[in-house]
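First to last, the sequence lines map onto chains A and B.
FYI, my numbering numbers position 124 of the first sequence as 146, with every residue one higher than the one before it.
FYI, my numbering numbers position 47 of the second sequence as 69, with every residue one higher than the one before it.
Any given hint might turn out to be false.
List time: in silico DSSO-like cross-link candidates among lysine-lysine, alpha-carbon distance up to 30 Å [to be verified]:
hint: 1; chain 1: B; residue 1: 147; chain 2: A; residue 2: 134
hint: 2; chain 1: B; residue 1: 67; chain 2: A; residue 2: 147
hint: 3; chain 1: B; residue 1: 147; chain 2: A; residue 2: 147
hint: 4; chain 1: A; residue 1: 176; chain 2: B; residue 2: 233
hint: 5; chain 1: A; residue 1: 281; chain 2: B; residue 2: 134
hint: 6; chain 1: B; residue 1: 147; chain 2: A; residue 2: 67
hint: 7; chain 1: A; residue 1: 281; chain 2: B; residue 2: 281
hint: 8; chain 1: B; residue 1: 147; chain 2: A; residue 2: 176
hint: 9; chain 1: A; residue 1: 147; chain 2: B; residue 2: 317
hint: 10; chain 1: A; residue 1: 134; chain 2: B; residue 2: 281
hint: 11; chain 1: A; residue 1: 134; chain 2: B; residue 2: 233
hint: 12; chain 1: A; residue 1: 281; chain 2: B; residue 2: 147
hint: 13; chain 1: A; residue 1: 233; chain 2: B; residue 2: 134
hint: 14; chain 1: A; residue 1: 134; chain 2: B; residue 2: 134
hint: 15; chain 1: A; residue 1: 147; chain 2: B; residue 2: 82
Quick look at which bits of chain A chain B covers, simulated, 3 or more residues with Cβ under 8 Å [as the list claims (entries may be wrong)]:
hint: 16; segment: 29 to 36
hint: 17; segment: 122 to 130
hint: 18; segment: 138 to 149
hint: 19; segment: 171 to 178
hint: 20; segment: 266 to 276
hint: 21; segment: 280 to 294
For each label pair, taking beta carbons as the anchor points, the in silico distance ranges come out as [to be verified]:
hint: 22; chain 1: A; residue 1: 138; chain 2: B; residue 2: 142; range: 16 to 26 Å
hint: 23; chain 1: B; residue 1: 224; chain 2: A; residue 2: 322; range: 55 to 65 Å
hint: 24; chain 1: A; residue 1: 296; chain 2: B; residue 2: 258; range: 16 to 26 Å
hint: 25; chain 1: A; residue 1: 226; chain 2: B; residue 2: 272; range: 55 to 65 Å
hint: 26; chain 1: A; residue 1: 26; chain 2: B; residue 2: 142; range: 23 to 33 Å
hint: 27; chain 1: B; residue 1: 224; chain 2: A; residue 2: 252; range: 42 to 52 Å
hint: 28; chain 1: B; residue 1: 54; chain 2: A; residue 2: 174; range: 20 to 30 Å
hint: 29; chain 1: A; residue 1: 195; chain 2: B; residue 2: 139; range: 58 to 68 Å
No wet-lab data here; the hints were simulated from the structure.
Even for Gly, the Cβ is constructed at its ideal location relative to N, Cα and C.
Number of protein chains: 2
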Amino acid sequence: LADDLLPVTLPAPDEFLAAAIVQSGGRLVPPGPETTALVWNLQHKPDELKAALSTMSALKWVQLPSAGVDDFVGAGIVTEDFIWTSAKGAYAAPVAEHALALTLAMLRQLHKRARAESWGCQAGKTLYGAHVVILGAGGIAQEFIRLTIPFGIKVTVVRRTADPVEEAHRTIRTSQLAEVLPEADVLLLATPLTAETTGIIGAAELAALPKDAVLINVARGGLVRTHDLVVALAQGQIAGAAFDVTDPEPLPTNHSLWKEPRALITPHTADTADMIRPLLAQRIADNICRFREGKQLIGIVDPAAGY
Amino acid sequence: LADDLLPVTLPAPDEFLAAAIVQSGGRLVPPGPETTALVWNLQHKPDELKAALSTMSALKWVQLPSAGVDDFVGAGIVTEDFIWTSAKGAYAAPVAEHALALTLAMLRQLHKRARAESWGCQAGKTLYGAHVVILGAGGIAQEFIRLTIPFGIKVTVVRRTADPVEEAHRTIRTSQLAEVLPEADVLLLATPLTAETTGIIGAAELAALPKDAVLINVARGGLVRTHDLVVALAQGQIAGAAFDVTDPEPLPTNHSLWKEPRALITPHTADTADMIRPLLAQRIADNICRFREGKQLIGIVDPAAGY
Numbered sequence: 023l024a025d026d027l028l029p030v031t032l033p034a035p036d037e038f039l040a041a042a043i044v045q046s047g048g049r050l051v052p053p054g055p056e057t058t059a060l061v062w063n064l065q066h067k068p069d070e071l072k073a074a075l076s077t078m079s080a081l082k083w084v085q086l087p088s089a090g091v092d093d094f095v096g097a098g099i100v101t102e103d104f105i106w107t108s109a110k111g112a113y114a115a116p117v118a119e120h121a122l123a124l125t126l127a128m129l130r131q132l133h134k135r136a137r138a139e140s141w142g143c144q145a146g147k148t149l150y151g152a153h154v155v156i157l158g159a160g161g162i163a164q165e166f167i168r169l170t171i172p173f174g175i176k177v178t179v180v181r182r183t184a185d186p187v188e189e190a191h192r193t194i195r196t197s198q199l200a201e202v203l204p205e206a207d208v209l210l211l212a213t214p215l216t217a218e219t220t221g222i223i224g225a226a227e228l229a230a231l232p233k234d235a236v237l238i239n240v241a242r243g244g245l246v247r248t249h250d251l252v253v254a255l256a257q258g259q260i261a262g263a264a265f266d267v268t269d270p271e272p273l274p275t276n277h278s279l280w281k282e283p284r285a286l287i288t289p290h291t292a293d294t295a296d297m298i299r300p301l302l303a304q305r306i307a308d309n310i311c312r313f314r315e316g317k318q319l320i321g322i323v324d325p326a327a328g329y
Numbered sequence: 023l024a025d026d027l028l029p030v031t032l033p034a035p036d037e038f039l040a041a042a043i044v045q046s047g048g049r050l051v052p053p054g055p056e057t058t059a060l061v062w063n064l065q066h067k068p069d070e071l072k073a074a075l076s077t078m079s080a081l082k083w084v085q086l087p088s089a090g091v092d093d094f095v096g097a098g099i100v101t102e103d104f105i106w107t108s109a110k111g112a113y114a115a116p117v118a119e120h121a122l123a124l125t126l127a128m129l130r131q132l133h134k135r136a137r138a139e140s141w142g143c144q145a146g147k148t149l150y151g152a153h154v155v156i157l158g159a160g161g162i163a164q165e166f167i168r169l170t171i172p173f174g175i176k177v178t179v180v181r182r183t184a185d186p187v188e189e190a191h192r193t194i195r196t197s198q199l200a201e202v203l204p205e206a207d208v209l210l211l212a213t214p215l216t217a218e219t220t221g222i223i224g225a226a227e228l229a230a231l232p233k234d235a236v237l238i239n240v241a242r243g244g245l246v247r248t249h250d251l252v253v254a255l256a257q258g259q260i261a262g263a264a265f266d267v268t269d270p271e272p273l274p275t276n277h278s279l280w281k282e283p284r285a286l287i288t289p290h291t292a293d294t295a296d297m298i299r300p301l302l303a304q305r306i307a308d309n310i311c312r313f314r315e316g317k318q319l320i321g322i323v324d325p326a327a328g329y
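Using the sequences and the accompanying hints, generate a full structural model.
What follows is the structure in structure tokens.
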């Protein structure tokens with residue numbers, strides 16, 4: 023009977039994830055020749071992963087713990103030798119919630135009010151009926167659209183392929199981004215960091231946005247050219263920017279963005295460890311069941327596309 | 023034909039509201055014996071209103087411009103002599119949006135992050151599946167429930183009467199408030215300020231909330247005993263409080279709440295003048311049509327209940 027169980031290696035001790043693995047038909051084995059599936063629960067350590075892979079002659083599948091895998095892809099270890107899965111989509115709910123929190127905070131100027139030490143004047147915009155341009159068409163974009171249905175917003179999704187996102191009013195390709203920026207109330211970044219998307223928001227894109235637009239980034243800091251954002255905010259080219267991710271990350275303590283009145287920065291907490299814990303366990307369990315049943319895994323990474 | 027038109031007085035010049043009155047069958051007349059309907063577009067000036075009323079021998083109906091009319095009721099001028107209507111319900115959408123913005127901001131600790139000047143640790147709670155206790159069952163409460171449907175929250179409505187709010191999981195009477203406070207993740211105040219509700223949230227209610235609960239007030243500052251809130255926040259009895267209304271209002275510049283790290287204060291901007299302008303015009307137009315057709319007006323104030 024034990025032969026039916028999938029030999030899974032979990033490098034860092036974690037009783038919660040271990041239980042999810044065992045309950046879904048995995049059998050925990052030490053890293054080595056027995057490892058068929060590797061659940062990499064060490065965040066962002068591509069070098070250690072590379073070393074581990076060399077010891078696993080029977081390895082068929084690697085489950086990565088994060089939704090974005092740009093650091094693993096960048097290290098050149100995500101090859102066609104194995105099936106690679108990320109947690110993409112698994113954390114969409116808390117990240118989309120954070121994106122909505124940041125969006126409403128910017129529109130309602132809560133970042134300015136939090137810093138105020140006296141009563142002020144009326145200010146603020148509404149999300150009802152606003153035009154939100156979302157860069158990315160994955161789980162975060164889809165969940166953000168679902169969360170904002172009651173606000174009756176208009177959504178334009180900008181993505182790599184031409185496949186329309188059903189829930190959006192319009193889906194366009196990345197090459198058409200410049201066309202929609204002048205009509206955006208909110209520009210939400212929710213796309214993987216790849217060779218194509220690195221620095222995709224720079225001086226020209228920020229200048230194309232209306233002066234009262236806000237930029238929200240819950241994806242990766244490297245999507246935005248930080249220096250260009252600093253300049254655009256200082257000059258009032260956009261009304262504000264809220265971001266959960268920065269480049270460099272963590273943002274250094276002496277960085278000028280900490281003093282920028284139009285900026286609101288959260289320290290990569292859109293999906294906290296507490297929030298993702300049950301979501302990652304569920305994804306691992308689902309994928310172990312699928313692997314044992316010979317079904318397609320969820321969150322497969324395309325090494326060529328980089329996500 | 024002009025006899026069919028309703029003689030309406032609009033004391034402050036306002037072309038936008040004047041157009042709404044004329045388009046819905048009103049005829050603008052100066053304040054005096056001709057005035058049948060008075061659209062009081064001077065905010066919060068009960069003394070002036072009282073003086074105006076004494077000159078209007080034909081007056082039948084007074085439309086007040088705000089949703090809360092506690093100041094007019096408190097001045098003793100809202101009597102059975104005329105029909106009184108407020109804007110209650112008309113501004114529910116922007117106010118509920120503001121309540122959601124404040125709720126998400128507190129759960130995601132955006133008030134603390136806005137004040138931070140360096141990267142920090144992970145923190146934050148999610149709204150998904152949270153238990154929200156709403157004091158009040160009017161337009162704001164109903165719209166807040168509608169906006170948060172995608173989050174799958176559990177809502178307990180606390181109201182004066184026993185009539186259940188259909189969209190809530192549970193509706194209880196104000197006398198049962200103490201029973202549900204220990205289970206609240208969020209306590210949202212969205213009820214009129216009346217003799218019964220003044221100071222309804224004090225030391226005992228704040229102490230009954232869980233330590234990680236947050237208080238949101240978008241109704242009237244006087245619902246909360248300010249001194250008790252100051253103490254509860256300073257002692258960490260609750261995780262935080264965000265409020266658009268204060269007592270006293272405006273909150274004085276030297277008030278200790280401006281320095282309270284667990285507090286977030288917005289200056290009565292849940293419904294800005296820009297946001298309410300079209301909503302008030304629509305309400306006035308609807309009510310003029312109804313008055314001319316002999317139908318029941320929207321937003322009728324019960325002088326005895328005080329709202």
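Here is what the structure says about each hint:
1. Between residue 147(B) and residue 134(A) the alpha-carbon distance is near 22 Å, which keeps this suggested pair within the 30 Å criterion.
2. A threshold of 30 Å between alpha carbons decides the hint, and for residue 67(B) with residue 147(A) the separation of about 27 Å falls inside it, so the pair holds.
3. For the suggested pair residue 147(B) and residue 147(A), the alpha carbons sit about 25 Å apart, so the restraint of at most 30 Å is met.
4. With a C-alpha separation of about 38 Å, the suggested pairing of residue 176(A) with residue 233(B) is violated against the 30 Å cut-off.
5. About 14 Å separates the Cα atoms of residue 281(A) and residue 134(B), which keeps this hinted pair within 30 Å; it holds.
6. For the hint linking residue 147(B) to residue 67(A), the alpha-carbon distance of about 27 Å falls within 30 Å, and the restraint holds.
7. Pair hint residue 281(A) plus residue 281(B) holds up; C-alpha atoms about 18 Å apart against a cutoff of 30 Å.
8. At roughly 28 Å between alpha-carbon atoms, residue 147(B) and residue 176(A) fall within 30 Å of each other, so this suggested pair holds.
9. At roughly 35 Å between alpha-carbon atoms, residue 147(A) and residue 317(B) are farther apart than 30 Å, so this suggested pair is violated.
10. For a cut-off of 30 Å, the pair hint linking residue 134(A) to residue 281(B) stands: about 14 Å separates their Cα positions.
11. Restraint check: the Cα-Cα separation between residue 134(A) and residue 233(B) comes to about 26 Å, which is no more than 30 Å; the hinted pair holds.
12. About 26 Å separates the Cα atoms of residue 281(A) and residue 147(B), which keeps this hinted pair within 30 Å; it holds.
13. Distance restraint check for residue 233(A) and residue 134(B): the Cα-Cα separation of roughly 27 Å lies within the 30 Å cut-off, and the hinted pair is therefore satisfied.
14. Note on residue 134(A) and residue 134(B): the hinted pairing holds, with a Cα-Cα distance of about 12 Å set against a maximum of 30 Å.
15. In summary, the hint linking residue 147(A) to residue 82(B) is not supported, as the alpha carbons are separated by about 37 Å, beyond the 30 Å threshold.
16. A stretch counts as covered by a chain when three or more of its residues have a beta carbon under 8 Å from one of that chain; for the segment 29 to 36 of chain A and chain B the count is 0, and the coverage is violated.
17. Here's how the segment 122 to 130 of chain A fares: 7 of its residues keep a CB closer than 8 Å to some CB of chain B, so the rule of at least three is met and the hint holds.
18. Evaluation of the coverage hint for the segment 138 to 149 of chain A: fulfilled, as 11 residues show C-beta separations to chain B shorter than 8 Å, against a requirement of three.
19. Remark: the segment 171 to 178 of chain A is confirmed as covered by chain B, as 3 of its residues place a Cβ nearer than 8 Å to a Cβ of that chain, reaching the required three.
20. Counting residues of the segment 266 to 276 of chain A whose C-beta lies closer than 8 Å to any C-beta of chain B gives 3; at least three are required, and the coverage claim holds.
21. Coverage of the segment 280 to 294 of chain A by chain B holds in this model, with 9 residues showing a Cβ closer than 8 Å to a Cβ of that chain against a need of three.
22. Under the hint 16 to 26 Å, the C-beta atoms of residue 138(A) and residue 142(B), about 21 Å apart, fit the expected range.
23. At about 56 Å, the beta-carbon gap between residue 224(B) and residue 322(A) stays in the expected band of 55 to 65 Å.
24. Separated by about 20 Å at the C-beta atoms, residue 296(A) and residue 258(B) satisfy the suggested range of 16 to 26 Å.
25. Checking the proposed 55 to 65 Å range against residue 226(A) and residue 272(B) shows it is violated: the Cβ atoms sit about 42 Å from each other.
26. Residue 26(A) and residue 142(B) have their C-beta atoms about 46 Å apart, which leaves the hinted 23 to 33 Å range violated.
27. Look at residue 224(B) against residue 252(A): about 46 Å separates their beta carbons, and that is inside 42 to 52 Å.
28. The given range of 20 to 30 Å is broken by residue 54(B) and residue 174(A), whose C-beta atoms sit roughly 43 Å from each other.
29. In this structure the hint that residue 195(A) and residue 139(B) lie 58 to 68 Å apart at CB is violated, the actual value being about 40 Å.
The structure fails hints 4, 9, 15, 16, 25, 26, 28, 29 (numbered hints given earlier, in ascending order).
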